[in-house]
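Asker: In case you want the letters, here they are:
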Amino acid sequence: MLLDSQKEKPLFEFENKMTIMLYSNAYRLYDIRKGRSNGKEWKASVFFIIDMAMLFVLMTQHFVFSSVPVCTIGLIVCSYMITYYLVLLPRMARRYGEHIYKSSHLLSKPEKIHIYSNGFIRQNAYEKSCGFFSSVSDCIETEKTFILFGDFDKKILVISKECLTDEMKVRLAAFFENQFVRKYRKVRG
Amino acid sequence: MQNTPIFDTSYLITEDDYIHFAFTQRKFFRKRDNRVLFKIIGILSVCIGVGAYLFVGSNIYQKICWCALVLIGLFLLFYYDVIDVSLTVAESKRYYAHNPKSMIAKQVVLTKENLSIRSEIYEGNIPLRYIFKIVEGKNTIIFYLDQINYCLVPKRTLSEEQTERFESFISDLPENKYKKL
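Residue numbers (the numbering used here), protein chains in the order written: chain A, 412 to 600; chain B, 10 to 190.
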């Protein structure tokens, strides 16, 4: 196992420090890929189409809301649902991420990350865990971080770019891109 | 003795353990239990729906509305006892099947100062002051490291003596650190 056999020299080795902002943003992205926000765009689109249909019916009634109360209520509910999926849900996910970070004494501890050809090891003063790249479901690069999601300890690995040298950022991006291929993507934010 | 472990156990999480854990977790994070309210509204909806269907509804549209009211009533009436339970079991089974790396064998040692966890992918020696919360359910003990990361210990793996030691240990813990469900 990776924890026991560290004979292989790590390809990358660096200190990593996670801040509340980085973690909450990573958790928001995790929620989009794996949580309640998954598919928020198409869910919002369905409500948008219903909203437009309700608006069309109201138009035919010359916007006399009392003549078609069902459509009026439907219009309000669908508009709320669009706002919920596109605005409120991402905000709630970010806030929940902040909540998780605040509840943990260990996430804020500086950690050492070793990246091998088949996985990674993260280590701080109190814990040490490893994850295999075969368990990684998504690798996301943002302006400030590299984020891995998957079936490993803590489910999310956030690598802050501030802890990497310019050369290391480029090499690590190329390594992840090559390692994860379709699971790798760049996003803004 | 200060360093005598309260318990020292090795185990593999089974599907049943995970389902028990899911129920305990759901209970712990649920802010309000609206069981009684749901039942009252459910019974009222069913009674009103059936009564109106038999004595009031004259055209087909009205009858459809009363039927819908009865269905909503039945949904609310059985939500906590049947629907919520089935959903939790199904969700737990799905999670258990899809996350095999989280369900591997572990050795957990609890002392008065530390919680030590060891598995093939994780090694931790965490001071108890860094544990977010200890939650004891009917069949499981959960050590929350934060809101979403936890270490689950099934009670079936503890001997009677260890359970007694754990009971006496938790009685000394501050209220915000421990919760029994």
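Please note that the accuracy of each hint is not assured.
Below, computed lysine-lysine pairings styled on DSS-like, alpha-carbon distance capped at 27 Å [stated by the list, open to error]:
#1 B/K48 <-> A/K445
#2 B/K115 <-> A/K445
#3 B/K115 <-> A/K520
Honestly, the hints are just simulated from the structure, not real lab data.
Asker: Are there hints from earlier that the structure breaks, and if so, what are their numbers?
Answerer: Going through the list in order, the structure violates hint 1 alone and respects the others.
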